[in-house]
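*Asks:* Read off the chains here:
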Amino acid sequence: MSDARAVLPAFVWALGRDLRLAVRSRGELGTEIAFYALVVTLFPLTLPPDPALLDTLGPGVLWVAALLSSLLALPRLFAGDFADGTLAAIALSPRPLAALVSGKMAAHWLTTGLPVVVLAPLFALAYHVSATDIAVLVAGLALGTPILSMLGAIGAALTLGARGGGSLLALLVLPLYVPVLIFGAGAVGAVHAGLSPSPHFSLLGAGLLLAALGTPFATAAAVRIALD
Amino acid sequence: MSINWFKYASPASFLPLSATLAPWFLAVAALLGAIGLYLGLVVAPTDATQGDAYRIIFIHVPTAWMAMLIYVVMAAWSALALGYNTRLSAMMAQALAPTGAAMAFLALWTGAFWGRPTWGTYWAWDARMTSTLILLFLYFGVIALRSAIDDPRRADRACAVLSLVGVVNVPIIYFSVKWWNTLHQGSSISLTGAPSMAMSMLAAMLVMTFAVWSYCIGVVLWRVQAIIVERENGAAWLAQRAPA
Amino acid sequence: MMEHYAFFLVGAYGMFALAIVVEVVAVRARLRRARLQRGTPR
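Going line by line, the protein sequences match chains H, V and A. Under our numbering, the first sequence has 109 at position 109, and the numbering climbs by one with no breaks. Under our numbering, the second sequence has 125 at position 125, and the numbering climbs by one with no breaks. Under our numbering, the third sequence has 17 at position 17, and the numbering climbs by one with no breaks.
These aren't lab readings, by the way, just hints derived from the structure by calculation. One should not assume that every hint holds.
Stretch-level coverage of chain V by chain A, calculated; a stretch enters the list once three of its residues show a Cβ under 8 Å from a Cβ in chain A [as the list claims (entries may be wrong)]:
#, segment
1, 9-17
2, 44-57
3, 97-103
4, 106-118
Some chain A residues judged to face chain V by a derived CB distance under 7 Å, without partners named [stated by the list, open to error]:
#, residue
5, Y5
6, F8
7, G11
8, G14
9, F16
10, A17
11, A19
12, V21
13, E23
14, V27
15, R30
16, L31
17, R35
Virtual Cβ for every residue (Gly too), placed ideally from N, Cα, C.
All chains should be built: construct the whole structure from the sequences, respecting the hints.
*Replies:* So this is what it looks like as structure tokens:
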């Protein structure tokens, strides 16, 4: 049976391992960030170069691009380990699977979500978003992208070994992402309209806590189902 | 006398039960439907503000209600399937998904056809319709996941987890969409306005709700028979059974 | 728009009826196919 004291070492081990693996395939990380930049670049090409219009649409576009980037990186979470049997070995470990899975989620966020949070101000400037709006955008992304990684992990685990590839994963995960999108983009909209973003941040924070408590167990269950 | 709750928990014993029950539920649905449609289309008066187009609510409200209810019931069967590891619970969840998706689609379609004559647009991004659209995607997800996994028992468990994750998220999604919508209420159309209800309208709505509910139960019990026969193909009990 | 309510009523109720018919036909066909394939190796 799993020991409570084993939770942190398991988390740290899984996080460290996934980070090391990610660093070894730096190219893959680079292309994910390039994807984000590309998506963000595409939208203004469809619009008249009106700064006010871009300012209105910008935060939403940056949020949707963050969702898509998170989605794109999800298969990497489990598929490689699943294919070569490492995931089965991990699941057999006496360490709590939920803790190990949490480490993987954290690594996913560090390699996908965190770059988005860091790069967002750059693109927000390109969208003529004001400084206060950018701050709220970044704060929202900082709260929200971890939730995306955690929710996405459930989808990634459920679709292991299933046919349908990325679009199945997108179909499963994007509806779950909707509240994060609404509150994250809504926070910027609120500030833009002169209102307080704190209700949005409270809800995002609550969502983050809920996700942190629930998703590791749901994901661990999904991993075990996939390994049966 | 204590009830044996697990008497019908095996596919073998449930098959004849569902074969018996399904036609009854469909017959009740047809009867209630006839009454409800008569009440709604003939008896209920023309509305002062919305004319006769409001009569769409007699199918819009029941289908929207069933879309939500079926998802919750599907999640409940999924919980049973994971908790007791019973095949039949998972089969019931499998049988519910297509009907739930159909109800969600109908809720969206009838809502659009109600919106156009009364508020001028087929689609306005209001809270309930947008949440129903996302609910439809959630149904598609469960159905897609089932067909994407080859092993039926593995598909059972994966879809069960997905349904449970979904059912937790449905209130959150609804709340978030409602939140988003009310913030922008000033510039958007409110689609929450049902006409103030005369007694006959209320009666028609209630009867139609029960009619659609009974239909859903009947068609799900019908579908689960097909699922049982499909999945128990090769089992001894099924081979010995005379074709029903 | 209100005057052409018949179009919308037919459109809504018609789809409702169509969906029921499609679902019933599909389930009937599915059950029939399942029964025919009983005993045959999958």
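*Asks:* Does each hint fit the structure? Answer for all of them.
*Replies:* Do the hints match the structure? See the list:
1. 9-17: violated (count 0)
2. 44-57: holds (count 6)
3. 97-103: Holds: 3 residues of the segment 97-103 of chain V have a Cβ under 8 Å from chain A.
4. 106-118: holds (count 8)
5. Y5: This interface hint holds because 4 Å falls under the 7 Å limit.
6. F8: OK, holds: A/F8 within 7 Å of chain V, min 5 Å.
7. G11: holds (5 Å)
8. G14: violated (9 Å)
9. F16: holds (5 Å)
10. A17: Violated: closest Cβ of chain V sits about 9 Å from A/A17, beyond 7 Å.
11. A19: With Cβ-Cβ at 5 Å, under 7 Å, it holds.
12. V21: violated (11 Å)
13. E23: holds (6 Å)
14. V27: holds (5 Å)
15. R30: Since chain V brings a Cβ to about 4 Å from A/R30, closer than 7 Å, the hint holds.
16. L31: Holds: closest Cβ of chain V sits about 4 Å from A/L31, inside 7 Å.
17. R35: Constraint on A/R35 satisfied, holds at 6 Å.
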